[in-house]
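K.L.:
Each chain, letter by letter, is given below.
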Amino acid sequence: MNFIGSIINTEFFIAAVRLSVPIILAAVAATICEKAGIINIAMEGMMLIGAFFAAWGAWLTGNPWIGLMFGIFAGTAMGLFHGWATIDLHMNHVVSGAVINILGFGITRYLMVLVFGHPGNSEQIPLSLAAFRFKIPLLNKIPFIGDILFNQTPIVYLTIVLLFVIQWVLKRSAFGLHLHAAGEHPEVLATLGISVKKIRYIAVGFSGTLCGIAGAFLSIENGLSFSEGMTSGRGFIALGANTAGGWSIIGSVIASLFFGAVDALALRIQVLNIFDIYSELFLIFPYVAALIAVGGLVFKSNPPKALGEDYQSE
Amino acid sequence: MIKEKTANLQNKLINFIIIALFAIGTFFVIGGVFIGWSLIVIALIFWTYRFLKQEDMKLKNFLNIIYLKIKFPAFGLLLSFLLGGIIMYISGYNPIRSYGAMIYGGLIKNWHITILNSIPLIFTGLSIALAFKGGLFNIGAEGQYYIGAMVATWIGLRVNISPFIIIPVIFIAGFMGGALFNVIPAILKIKKGAHEVVTTMMLAYIAAILSSLFIKFNGGNPVTSKHAYITDTIFESAWLTKFDSIIPSANYRLHIGILLAIGLAILVQFFLYRTRLGFLIRVVGESPQTAKTQGISVPKIIVLTLCLAGGIAALAGVTQVLGLDHKMFENLNAGYGWNGIAVALLANTSPIGVIFTALLWGALDAGGQYMARTVQTPTSIVEIIKGLVLFLLLAKYLFTYLKKRRKV
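Chains as they are written, first to last, in the working numbering: chain A, 4 to 317; chain B, 2 to 409.
Everything labelled a hint here was simulated from the structure, so no lab data went into it.
Glycine included, C-beta positions come from ideal geometry on N, C-alpha and C.
Mixed in with the good hints there might be a few duds.
Claimed, not checked - Calculated cross-link-like contacts (lysine-lysine; reagent style DSS-like; alpha-carbon spacing at most 27 Å): (1) B:Lys59 <-> B:Lys72; (2) A:Lys308 <-> B:Lys59; (3) A:Lys138 <-> A:Lys174; (4) A:Lys308 <-> B:Lys70; (5) B:Lys4 <-> A:Lys308; (6) B:Lys70 <-> B:Lys59; (7) A:Lys308 <-> B:Lys72; (8) B:Lys4 <-> B:Lys54; (9) B:Lys301 <-> A:Lys308.
As the list claims (entries may be wrong) - Among the chain B residues that face chain A by a calculated CB cut under 8 Å, a handful are: (10) Glu5; (11) His196; (12) Val198; (13) Tyr206; (14) Ile207; (15) Ala343; (16) Ala373; (17) Thr375; (18) Val376; (19) Leu391.
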């Protein structure tokens with residue numbers, strides 16, 4: 004059992020949580036957006052843009068917090084762009100999402116050359132958010148969980164707080180009710196005199212914000228620089244998490260944690276290099292897991308009724 | 002009676018001449034002999050004349066129809082080039098010199114690179130366009146590309162028989178490989194309702210990782226091999242014919258894959274608009290509800306569409322290996338999938354249109370490289386222009402949006 008012990012230990016769980024943070028953020032982004040009735044497959048592009056701008060901001064100012072602001076701003080802008088294309092221009096949601104993904108690759112590539120003078124990897128940022136790692140007093144004394152959840156870096160805490168807030172807003176506030184209605188029966192919402200357009204814009208913009216945070220996590224908290232295509236399919240895994248989680252926040256989070264754990268497992272096996280040349284094979288784990296989860300639909304599938312439907316206010 | 006017969010025969014003869022002129026002209030142009038354009042222009046004039054006579058239409062009306070068709074693409078293209086120029090100007094490069102170099106490099110000097118770039122894009126673009134017609138989004142075409150390339154390399158490394166047998170065999174095997182690969186998302190879609198965006202994308206990442214393992218086991222092992230991360234070269238019997246064996250002045254790298262790609266585009270167009278199965282695919286794509294009430298088995302059509310799309314995308318990998326590379330590289334960010342989507346969307350999912358948009362994409366890449374070498378404007382401006390060109394798609398929506406606003 005020494006072998007399993009060397010793979011699955013406290014460090015593994017810490018890695019699992021850290022690896023699932025961007026997936027959780029993006030999956031929740033997808034859930035919120037799709038609850039409001041707008042299909043979002045653009046998480047990958049939004050995360051990339053967020054990651055780039057976060058790294059740029061942190062590199063420019065030397066302050067990772069400003070970097071985070073940059074990332075959030077850029078992510079939100081991309082989210083609103085998706086909103087504009089789907090809500091006002093009545094574009095097909097999937098097409099708009101695909102275009103944003105393509106733009107995400109292109110824009111970051113061009114800006115890399117413009118800002119850093121070369122494609123590939125950006126310059127290292129002087130200070131990362133990981134430097135602000137802190138323990139939460141008392142809570143970190145809890146055995147096992149204390150080490151995993153309460154001795155973390157800022158964005159991990161931010162994610163935990165955001166999850167509680169989002170869940171509260173969706174379940175307990177009037178806005179949450181309106182959001183559900185915008186995705187299920189927009190006409191009903193409109194007869195109540197509430198603007199479907201506004202609700203949908205807020206949802207899609209906020210999903211961009213979350214993706215921006217997720218991107219910032221990758222470039223300035225988990226790493227020290229931006230590299231091209233660094234999201235490596237996490238946006239799509241998140242989409243899978245949202246589907247497997249049955250369009251609910253809790254389901255999305257659980258599925259994301261599962262994918263993060265699989266990711267951590269694959270990385271540890273690869274680093275330990277137990278299986279020699281085949282070690283690379285384990286990199287497919289997270290993708291296979293996502294495929295199986297989406298195919299098996301672990302949770303009850305309950306997509307919003309008006310998902311992807313164009314809403315005309317006339 | 003006899004008069005009618007001769008008229009019919011005459012018609013057929015003229016049709017044949019037009020097609021022949023067109024085909025020969027295209028062949029020469031692809032080979033870099035630009036005099037071929039004159040043949041194409043003659044064929045076009047002939048065709049327009051005949052078309053006008055048959056439909057009893059005025060030239061003015063005909064031009065009007067063409068204008069309406071190309072209004073949005075032309076408007077978007079012009080606008081995006083203008084914006085690209087402004088971005089270049091702001092970043093401190095001379096837009097006129099850059100564009101000059103880009104056009105010269107992409108359309109004349111490095112025309113063969115344009116063609117070579119566009120071949121895989123035509124295949125992946127066709128795959129995505131076909132899936133789109135069936136209401137499906139084959140976002141993971143890149144994965145199917147790897148499958149095709151792997152199948153082609155695997156067979157090409159092991160079997161050494163007459164090219165007349167081996168090349169068709171590899172093409173069929175590659176197609177089957179891609180089609181079978183897409184059975185997974187198709188089954189998940191019809192049985193579990195899993196969206197193909199997630200499943201094909203996941204499979205694309207899986208295929209990319211598998212391909213790097215495949216390369217290791219076929220001569221690219223960095224520990225034992227001299228050429229790390231590249232497979233051994235396939236037998237020469239499986240290589241596609243090169244253009245320079247027919248037109249001596251053609252570039253030596255140019256292969257007949259482009260003709261296969263164009264042929265396939267015409268075939269797909271024919272399949273979608275002239276056959277029963279193609280019609281069914283389009284009905285399911287337009288409205289699954291209608292299809293169901295008409296007694297069409299929607300799940301069957303979905304499986305068929307995804308399999309065909311997967312097979313076509315795999316042919317991109319096959320032609321790339323047999324025609325250009327003759328081996329497989331570990332090239333995980335080639336972007337054939339994403340560029341294929343761009344190409345298909347830009348062509349408004351028309352199979353024939355895909356040929357032209359793929360050529361445009363190829364020319365932008367080839368011209369961009371030439372531009373970077375000669376006037377030192379970075380190639381990545383091409384990525385921005387591509388992104389801007391994609392606004393073409395938005396242009397149409399933007400037009401209707403602005404029109405509506407003006408009314409209100």
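K.L.:
Hints broken by the structure, by number, lowest first?
P.N.:
Those not satisfied are hints 2, 3, 4, 5, 7, 10, 16, 17 and 18.
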